[in-house]
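Student: Protein chains in written order, with my numbering: chain A, 1133 to 1554; chain B, 1133 to 1554.
Don't take each hint at face value.
Since the list can't tell identical chains apart, any single copy or any two copies may satisfy a pair.
[As the list claims (entries may be wrong)] Derived DMTMM-like pairs: lysine to aspartate or glutamate, alpha-carbon spacing no greater than 20 Å straight-line:
hint	residue 1	residue 2
1	1223	1274
2	1223	1188
3	1320	1554
4	1223	1537
5	1474	1453
6	1487	1552
7	1323	1539
8	1323	1383
9	1474	1246
Honestly, the hints are just simulated from the structure, not real lab data.
Keep in mind it's a predicted model, so treat the numbers as computed, not measured.
There are 2 protein chains.
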Amino acid sequence: MARIVMKFGGTSMAGTERIRRVARIVQRQQAAGHEVAVVVSAMAGETDRLVNFCREANPLYDPAEYDVVVASGEQVTSGLLAMHLQALGCKARSWLGWQLPVQTDDAHAKARIEGIDSEALMASMAAGEIAVIPGFQGLSPEGRVTTLGRGGSDTSAVAVAAAVKADRCDIYTDVDGVYTTDPRIVAKARKLKNVTYEEMLELASVGSKVLQTRSVSLAMKEGVRVQVLSSFIDDDAPAADTIPGTMIVSDEELARIQEGLDMERQLITGIAADKNEAKVTLTRIADRPGAVAAIFGPLAAANINVDMIIQNIAKDKGETDVTFTVPLADLARTQALLEERKDTIGYYRMLANSKVAKISVVGVGMRSHAGVAATMFRALADRGINIQAITTSEIKVSVLIDEDETELAVRVLHTAYELDGE
Amino acid sequence: MARIVMKFGGTSMAGTERIRRVARIVQRQQAAGHEVAVVVSAMAGETDRLVNFCREANPLYDPAEYDVVVASGEQVTSGLLAMHLQALGCKARSWLGWQLPVQTDDAHAKARIEGIDSEALMASMAAGEIAVIPGFQGLSPEGRVTTLGRGGSDTSAVAVAAAVKADRCDIYTDVDGVYTTDPRIVAKARKLKNVTYEEMLELASVGSKVLQTRSVSLAMKEGVRVQVLSSFIDDDAPAADTIPGTMIVSDEELARIQEGLDMERQLITGIAADKNEAKVTLTRIADRPGAVAAIFGPLAAANINVDMIIQNIAKDKGETDVTFTVPLADLARTQALLEERKDTIGYYRMLANSKVAKISVVGVGMRSHAGVAATMFRALADRGINIQAITTSEIKVSVLIDEDETELAVRVLHTAYELDGE
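Using the sequences and the hints given, assemble the complete structure.
Tutor: Written out as structure tokens, the structure is:
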């Protein structure tokens, strides 16, 4: 017997028939002898409808009242799923964010969970009652309704799993797991059985949109085992335990799993592509101490996240070019900030290019292996793909290339690292 | 400066444009220097939509989960109205049922308000903040969401008015006040400036559907002055103080008002018609002690409300006929109950007639005057309308007649008591 938290998104909750299917999937988990809590999103489209009412009411709406309005969508689906479960003969009840409560900070519309009081919840689950919890919502220190920001229900589910010390948090989505790369780009992409939190974070933050990044960080911090699997399985299929999704686990657990299977650890887990970066180059900056700080200090102060940085070697005259990337959404602000400081920084020209893509190869295995970067550079060079910038971390090598070459680069690297399935 | 509670129904809250109009009406009250709280219903149609989801989930739905689902409609409109008020430059915030809280009993889907904690609410209003409160919802002793039953928002408004010791509770409806009778039946019906709680109760419970009966009882118990007025006034019109609605007040206040105006107290305030009764006759019952108890005991135990009772005088043989009325909705249950007990009661035949109407003349003035009933019987007899039963209270005389003669009887009485306007 295990304790399991299940999470269903808006597409799975869209209308009576779909909620009934979800109820049957949940019932099967309970019938298998598990203690079950379910975290639900609002019906697909409902949050958009409510957000529109808010915008119509006041374009500069009060986020505290926005939270009152939009949190209602999950309240509705939690009550309805409890009723559907009761109709199947299960004991079930809803627990709203303020009832548990799910304590958050007071950053309305983008609140962070600070803790969940799980005592009553665990007692109810232990008594065989299925707990149905609206995702996305919480309670501020002032006792007002908060929401976690769009897509926050993944984070709610992981937080609930941590609070009840669940054996597993199953996130049902419209994909059936995490792949070595986007299957729409590479037909031979393979579904991963296991992936570590850190790999998932790199894959998520560079464009593999299966889970909210925040939920993965929280799972890593709290040691929650998260499984990604499809809610579009046949509801007569066996319980989720036997459906192969992707399990997101710690580095140590992955090592144990692979030892148990007598498997050699794979160097590279996946390839991600991200077109949401822009490249900025400042030319002919004086090559002296403090010059670079004059560029990046103001950007940091403005909360603009600089990713890759290259400083060309000054050949003569004590001058250098500096190139870096920022999120595409922050490009205009970056340009304005640097334009203002042109004299302080002392550059000649500012060049910007939003037609770039960041391609990353990710894998915890690369920590103990040399040559990953070399393989990457060779494979791209062989196809004539020019590398504009490089950045590395312990489990990732990323390169910046021309946006038009994104799909080609992903395919080339997927093959080069022997990730192709049949 | 006064403290005012305003209540708006679902038609007034149906969509962005209508909520904006409500916000302007509310803003004008505040601009007139008043402290304001607003109680709102869900958007018209929304509660039905949510109730349908509940029925689809489980025909025998759990009322506690039903409350979680349907209470969301008022949550949405309270947040939206707060935003609209803020857009007009007012300070405003929503207070959900569980936040005040509005304490109720635990009779889910038909809860009764037990008290409202008004301390924080009054402090906020005193600071110039408009309080927006979802009607219909409350909090059970177990800390779960409750609702008051359909139309409960009128009751919420009166309860809030009592809790904050409001000078007035303005109920905005789709009619512009209480009339001497239904204007659809009698074109010469006049709008009443004032009516007492007791008169309003009699008018409401016998078919003049302006306010929920429960809200009037509560207003009487708590001494809340209630004003009924139209929400379809031009929103550039002056503040509600100067719009002639109908004020529902105590007997004493009405007497003072009429003295001040040097007005003689009107005998009769209004005429109501109710087609939702049915007549049952049991023939040839033994005229002995206990016989009547054998009929009405079981009906009382089954919560069936018997209204008019006539026992015909036994001419001979020690036998009598007993006629009484019950709500039309309870007729089938009544017949079944009495059929079962035919031998115990010892009657010969049971006759039922659902084609009857109860016509009532209502007025606190009749307490001190004889002849009201006499006028009624003469006026009806003059037009050949047969009276099947009679019942009276201190402020009411009711007769049961053939349903087909309802409109004629109402018109005849409206003229006989000199209620006709121009």
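Student: Each hint: holds or not?
Tutor: Evaluated hints:
1. 1223 - 1274: Answer is between; shortest inter-copy Cα gap is 18 Å, intra-copy 33 Å.
2. 1223 - 1188: between (41 Å within a copy, 18 Å between copies)
3. 1320 - 1554: within (6 Å within a copy, 86 Å between copies)
4. 1223 - 1537: Neither: 54 Å inside a copy, 54 Å across copies.
5. 1474 - 1453: within (14 Å within a copy, 106 Å between copies)
6. 1487 - 1552: neither (28 Å within a copy, 81 Å between copies)
7. 1323 - 1539: within (19 Å within a copy, 76 Å between copies)
8. 1323 - 1383: within (19 Å within a copy, 78 Å between copies)
9. 1474 - 1246: neither (42 Å within a copy, 68 Å between copies)
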